[in-house]
Amino acid sequence: MIPLYLAQFGMIFAVFGLLLLSAAVMVYSERKVAAFIQQRYGPYLVGPKGMLQPIADVVKLIFKEPLRPLSADRVLFFLAPLISATAAFAAFAVVPFGAETTLFGLLAEPISLQVADVNVAVLVIFAITSVSVYGIVLAGWSSNSKYSLFGALRSASQMISYELSYGMSLVSVLLLAGSLSVTDIVNAQAGMWFGVIPKWFVFLQPVGFVIFIIAGVAETNRAPFDLPEAEQELVAGYHTEYSSTAFMMFFLAEYINMVTACAVATDVFLGGWHGPFLPLGFGWIWFLVKIGALLFFYLWMRWTLPRLRYDQLMMFGWKVLLPVSALNLIVTAAGVIYFGY
Amino acid sequence: MLLLIPLLPFLGFLINHAVGRRLSKTASGGVACLAMAGAFGMSVVSVWNLLQMPPADRGIVQQVAAWIESGALVVPFTLRLDPLASVMILVVSGIGFLIHVYSTAYMHEERDSEYARYFSYLNLFASFMLVLVLGANFPVMFVGWEGVGLCSYLLIGFWFTKKSASDAGKKAFIVNRVGDFGFLLGMFMVFAQFGSLDFQEVARQAGHLQPEVTFGAISIATLLLFVGATGKSAQIPLHVWLPDAMEGPTPVSALIHAATMVTAGVYMIGRNAVLFSAAPETLAIVAGVGVATALMAGTIGLVQNDIKRVLAYSTVSQLGLMFVAMGVGAYAAGIFHLYTHAFFKACLFLGSGAVIHALAGEQDIRKMGGLRKELPITYWTFLTASLAIAGFPFLSAFFSKDEILWKAFSGGHTVVWAVAAAASLLTAIYMFRLVFLTFHGKRTSAGPGEHAAGASLAVARDDHASVGGPHDSHAHGHASEGGHLHDAPPAMATALILLAIGSVVAGYVGIPAVIGGGNQIEHFLAPSFAAPGIEAGGARGASHAEAPAEGPVSHAEAVGEGGPAPSGVDAATEHRAELTLMAFSSGLAVAGIGIAWFFWRRSRALTDRIAASFAGVHRVLLNKYYVDEFYDAVIVSPIKGVSERFLWKVFDAGVIDGVVNGAGTVVNGWSGILRRLQTGSMRAYALSVFVGVVMILGYYVWR
Amino acid sequence: MGTELLVFYAFAALAVAASLAVVLGKNPMHSVLLLIVSFAALAGLYIGLDAPFAAVVQIIIYAGAIMVLFLFVVMLLNAHREDEPAALEAAGGLTRGPIRTGAALAVVLAAELGWALMKARGANDGMLSAGAGADAQALQSVRSLGTVLFTNYSLAFEVTSILILVAMIGAVVLAKREL
Amino acid sequence: MVPLGHYLILSAILFATGTMGVFLRRNVITMLLSIEVMLNAVNLAFIAFGRTQGHVDGQVIMFFVVTVAAAEAAVGLALVIALFRHRETLNPDAFTSLKW
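Chains as they are written, first to last, in the numbering used here: chain A, 116 to 456; chain B, 307 to 1009; chain C, 476 to 654; chain D, 670 to 769.
Don't read these hints as lab results, they were simulated from the structure.
Just to be clear, a hint being listed does not mean it is correct.
Unchecked claim - Restricting the straight-line Cα-Cα distance to at most 25 Å, the calculated cross-link-like pairs of lysine-lysine (BS3-like) are:
no., chain 1, residue 1, chain 2, residue 2
1, B, K930, B, K946
2, A, K175, A, K147
3, C, K651, A, K434
4, C, K501, A, K261
5, B, K468, B, K673
6, C, K651, A, K261
From just these sequences and the hints, can you work out the full model?
In structure tokens:
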């Protein structure tokens, strides 16, 4: 029998490892998907089908020389990547990815498959995302280069703008679930309607889901909203001046943010680990499947859609997304009151 | 209900004042007339309701709002309709309406905006007059009192571009101020005496007073009130403004300075009949002043040459007669005369207006004559009214004036009676002098009618142009028509005819008992002159100034006899005496007409010779006894001197300006020092706040 | 028990240190970031006070919104360091006087508050140990909070929303280029 | 269990620190930051009291304070920007034209 706190520690390390792994997988799959879409081979030399390519990248990056502009703000320049990476990892802490389990009887009482079950988990996710802005902003500002600065300003304003819609679409789900704890939200989606349609909120909140996905993309600075690192305009955006490990951290942060966003979307809209055909114990498989699908969607978008112009981005965020989400929220509230959901 | 009566004209005023200048003449005139018609209708209805009540306690009260309430002084804004008031509102709204109609034609040459302004003022006057009449206590009456004063000022100075007009307006206003001051003081004394300003209450308390034998508080109060009355009603010594008031448009003279406003003084005394009855001294003075005024005005009227001024003086003298009535305690008679007078004097003024209108603003009767054929309607109506005012038998004034004379005589005031009789003789004379000079004989000078006298017409027109008179427009208008004069247009004609009829029949509500018609109006009015609580007959007693010693007690017994007969005199002799007097006064009227005919129809030459031989007297009369000059010398110029030499040069320039500038310098200096605190550094401000915080907290900690 | 006190001291020390650094630091950028740190510390304290919602809101609004705003302005105006005192004296008089007094007074204020609180402690020891007789669940649950917010404080809530609106408009108008 | 007094003293210290900042700093932005510090001190006191009294009103007040802080920051910073445009400095003592 393993004592509980050991299990918790194990959980933390497991999540950490999994996230790193997922980042690696994402790097690889991104290249592969890109290649597939652009009808190339993509990486195929390193390892079978180039599967070890990510490791090669990491090694390369680690052995690069860490550069720092002379006029950079030493402390912040060093701090920025840490902040974004930390934030990225921390956000996942409150995201459950499986039903409560005893790990096949290894544990005395079952533990839920997440690092920390906070009763305001959703808000925590928010808090951390909002903090993760600083990583980028500081990076841009501290490296004291105009490209970086512009990237930082852009990403900051972009994230603030889209955070509102992000939140509102989420709140409409909270109304339905009646709880701020992600686990409760997921469990609220267990079961089926008429035995066929799974009780996922995506079916109750189609608009909310769409908004959530779009805003999520904007939050993670992915294409078509990747203005902070718009290569054509500002060399590489906020991490222009970064190299080697620091750069790797931003890289990592971006992918992990993606994974987190998709995980949250899965938990909140797609019923998390709930799904047909599988016993609850193996719900995490469902979870992985759904997350995978969403991630593929991200990559797909990136390699398909052109980048928006900055003014278009803002216009869309404030004049389309925000009103629609507000409307959606109001309608949902009315519905909740009417049907007493 | 009652409120509506003054309210309608006020609305008319608001409308015409606000949007009048955008309205067409028809519209604004229509609004004004409609408002008056409405007021008249309302008055008729409410009077009708009043008549339904039992005679003893006729009275409709409407409290509009609580107005002034401070300690003992409680003055609600209350309207009260009683017989006296009902007579007045009928006169005001009815004749007012006719004059409005008349004005629509008379003022038609004015510009639209002026037209609207005129009617808005006229409406405002009507509403204030009605408030004055309906007010149930002194302050409310005073509101109306001041209001009509204001309106008369506005309307006299209506053609303010004309200096004489605006001066006349100011004069009227200032002279009235003197009277109003008296009125105010009287009001205060009344309050001091009775602790109330409500007419009913005052009358109730006064009814139980023994009439003052010596000159006491009540006498002073009533005397002060009477000063107010002289101001409004143009009695000696405050009569000077009325003749000048003729500068205003003629309908205004008819409405304000003949029919309604100038009678306010009489009305006010009637309203406080019981109070005045308690002060025989005052009553005596009232009678004296009245008779003096009547005589003086009559004499002046004899020699004036301005048609309107003659009428003005006749008004003054008629008012004098009314005051005589009040003075001898014949309140009913006074009000009766007031009411008849309203008709024929309005008619006369409107007639003169028609003449002036026709003669392109000509007002000098020496230049008129022979208008009888050219202005038949005007002539006949004017004639009727003149007969009426002259007291020709069985026309309105015959009854009312005789009533007054009889009351004076039977009251034992023989002197008063004699002078009043003389005055009425004079009335007849100057009225018919007017008639003859205006309408008979041949035109002695240019009217626009004569082609030959175009030159003199030009002269006439010129001098009007020089005074900037409003009637130039008439002149042009008629000159363009050339040919004959045209008679009054329909609107004016209607008013004239109706008023003429009125001046014939108005008297028949008051046929004295002796010729078999129990004096209804007297009985109708009686309750208003009685102290509430004491029944109607008490008024007849209370109105006997010659019996002050006997208090309300004897009045009560006087009720038994009723009728006009005073207590303790044999009815038969009474009747004989009254009939003789009646015959005598109608004789006077005829005689007056005859004299007028003799002097101004038969032999003008003789007249002029007489005038020449008595040049001094003639001049004195022509200059109205030099009263204006006297006032100017005694009052106006000293005041001017003082205010210029001391008040302005010393007090204002020295003291007041000194104080003001001193204050300015002091403030300036201090702020010069204090402004140093405004350092503009936000940190300093924050510091000051913070120091305060620390101190307060410290106090609480170490307390 | 010991741990709780320990945690408290840790967070408190962090908060005070960060705030002092904010106040004393010369670089606005650093000040902003340190302020965020102190907010985080306070958030931790809030959790200790059974107010997780408050803690999270603290982070979201303060760190996530307000501070980003500050950051923006600092970056926009590119004010690395504040001007030197000498320059200030030149710019416009009386700096030192208020500065010194103000600092001194601040210390006085701290002393006063401390004293007052000590007195309070002496006065009522009953309510001292945080959480005495307080139902942790009720405090933590967002639901009860919302209930109170939308019943007792509904008016205040609405007024606040208006305030926010006004502030928004005002900010836009003020910051527009053609002022 | 942490005594209430600790929290209150902490908030007192923070408040004093904030005020000190208002006076020490020569930079409008930092002054605003100091004000934020003060507000937070107040928030802490509120929540601590609420916790002791065992009802959530403390937190509610805290929310209002936060809202007001947000509004204040928005307007204040807008002002700062406007000032900077005209004066090219952030030194509060440079904005002394509004005197005498």
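TODO: Against the earlier hints, flag every one the structure doesn't satisfy and list their numbers going up.
DONE: Going through the list in order, the structure violates no hint and respects every one.
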